[in-house]
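Read top to bottom, the protein sequences are chains A and B.
Counting from 870, one number per residue, gives the positions in the first sequence under the working numbering.
Counting from 809, one number per residue, gives the positions in the second sequence under the working numbering.
Hints were generated in silico from the structure; no laboratory data involved.
Just so it is clear, CB atoms sit at the ideal spot from N, CA and C, and this is done for glycine as well.
Please note that a few of the clues may not be correct.
[Stated by the list, open to error] Across the chosen pairs, the derived CB separations fall in these ranges:
#, chain 1, residue 1, chain 2, residue 2, range
1, B, GLY861, A, ASN965, 20 to 28 Å
2, A, THR884, B, GLY861, 48 to 56 Å
3, A, PRO908, B, GLY866, 25 to 33 Å
4, B, VAL821, A, THR884, 29 to 37 Å
5, B, GLY823, A, SER951, 43 to 51 Å
6, A, MET896, B, SER877, 44 to 52 Å
7, A, ILE929, B, GLU885, 35 to 43 Å
8, A, THR952, B, GLY866, 25 to 33 Å
9, B, LEU882, A, SER936, 20 to 28 Å
10, A, SER934, B, GLY861, 35 to 43 Å
11, B, GLU822, A, LYS940, 27 to 35 Å
12, A, MET896, B, LEU859, 19 to 27 Å
13, A, ASN965, B, LEU859, 17 to 25 Å
[Stated by the list, open to error] Output of the computed footprint for chain B on chain A, the stretches with three or more beta carbons under 8 Å from beta carbons of chain B:
#, segment
14, 906-914
15, 976-982
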Amino acid sequence: DVKVTQSSRYLVKRTGEKVFLECVQDMDHENMFWYRQDPGLGLRLIYFSYDVKMKEKGDIPEGYSVSREKKERFSLILESASTNQTSMYLCASSLNLRVGTGNTGELFFGEGSRLTVL
Amino acid sequence: GQSLEQPSEVTAVEGAIVQINCTYQTSGFYGLSWYQQHDGGAPTFLSYNGLDGLEETGRFSSFLSRSDSYGYLLLQELQMKDSASYFCAVRGMTTDSWGKLQFGAGTQVVVTP
């Protein structure tokens with residue numbers, strides 16, 4: 870059974886703390902993604918990676934950084950947490966989209982990490 | 809870039825049919841996907857339209873018309889378990905959007921007895 874595992878379901882941190890959110894997938898997927906989900910705003914892409922040590926900014930990268938040292942692991946880092954980063958964070962992975970192969974680009978999501986910054 | 813619009817909420821009774829529209833403005837994309845998310849759960853993939861037309865998967869169907877910049881998800885024979893949020897999403901193909909899967913804000917479907 871395919872699986873994306875996020876290290877923490879719930880975290881409470883204080884303003885200014887450094888926060889690490891870890892994500893591991895066991896499907897040998899090339900692509901990994903970090904989204905945040907807020908009511909009324911849907912899922913917004915923070916960063917994604919299409920290969921080890923590669924990263925691309927999404928739509929809202931400010932205040933975040935990522936690390937992909939191994940294919941199966943993609944970490945999201947909040948260098949100095951702020952209250953406006955209180956949110957649900959979702960990690961996902963997918964195969965590379967190769968046009969014509971019938972690959973739908975399906976994303977497999979983890980259960981999410983709900984972060985509260987006080 | 810891409811912008812997707814979908815209704816915020818739809819309410820229907822069990823057994824009914826619901827259509828969730830997704831209109832988009834994008835300079836190019838690989839296809840339109842739909843995801844379902846139950847409260848407290850992870851989004852899960854429902855369907856993908858790489859070409860124009862209708863794709864059917866059991867009670868759910870999805871449609872895409874690139875010329876109209878429009879797609880929809882059709883939920884038939886609604887069941888209580890279909891109460892969830894439904895998101896449309898497109899994957900970009902332009903230089904600045906390649907690889908990104910962009911989501912709409914989601915439609916909350918409420919199924920009543």
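Hint check:
Separation of GLY861 of chain B from ASN965 of chain A is about 25 Å and conforms to the stated range, judged on CB atoms against 20 to 28 Å. Taking 48 to 56 Å as the suggested C-beta distance range, the pair THR884 of chain A and GLY861 of chain B conforms, at roughly 51 Å. Under the hint 25 to 33 Å, the C-beta atoms of PRO908 of chain A and GLY866 of chain B, about 29 Å apart, fit the expected range. In this structure the supplied range 29 to 37 Å is violated for VAL821 of chain B paired with THR884 of chain A, their Cβ-Cβ distance being about 46 Å.
At roughly 47 Å, the beta-carbon separation of GLY823 of chain B and SER951 of chain A lies within the given 43 to 51 Å, and the hint holds. MET896 of chain A and SER877 of chain B have their C-beta atoms about 33 Å apart, which leaves the hinted 44 to 52 Å range violated. Distance hint for ILE929 of chain A and GLU885 of chain B: a CB-CB separation of about 38 Å, consistent with the stated range 35 to 43 Å. For the pair THR952 of chain A and GLY866 of chain B, the beta carbons lie near 43 Å from each other, so the given range of 25 to 33 Å is not met.
A hinted range of 20 to 28 Å for the beta carbons of LEU882 of chain B and SER936 of chain A is inconsistent with their spacing of about 41 Å. Judged by the Cβ atoms, the range 35 to 43 Å given for SER934 of chain A and GLY861 of chain B holds: they are separated by roughly 42 Å. About 44 Å separates the C-beta atoms of GLU822 of chain B and LYS940 of chain A, a value inconsistent with the hinted range of 27 to 35 Å. About 26 Å separates the C-beta atoms of MET896 of chain A and LEU859 of chain B, a value consistent with the hinted range of 19 to 27 Å.
A C-beta distance of roughly 20 Å is found between ASN965 of chain A and LEU859 of chain B, which places it inside the suggested range of 17 to 25 Å. Given a C-beta distance limit of less than 8 Å, the hint that chain B covers the segment 906-914 of chain A holds, as 6 residues qualify and 3 suffice. Counting residues of the segment 976-982 of chain A whose beta carbon lies closer than 8 Å to any beta carbon of chain B gives 6, which meets the minimum of three for the stated coverage.
Violated hints, in rising order: 4, 6, 8, 9, 11; the structure is consistent with all others.
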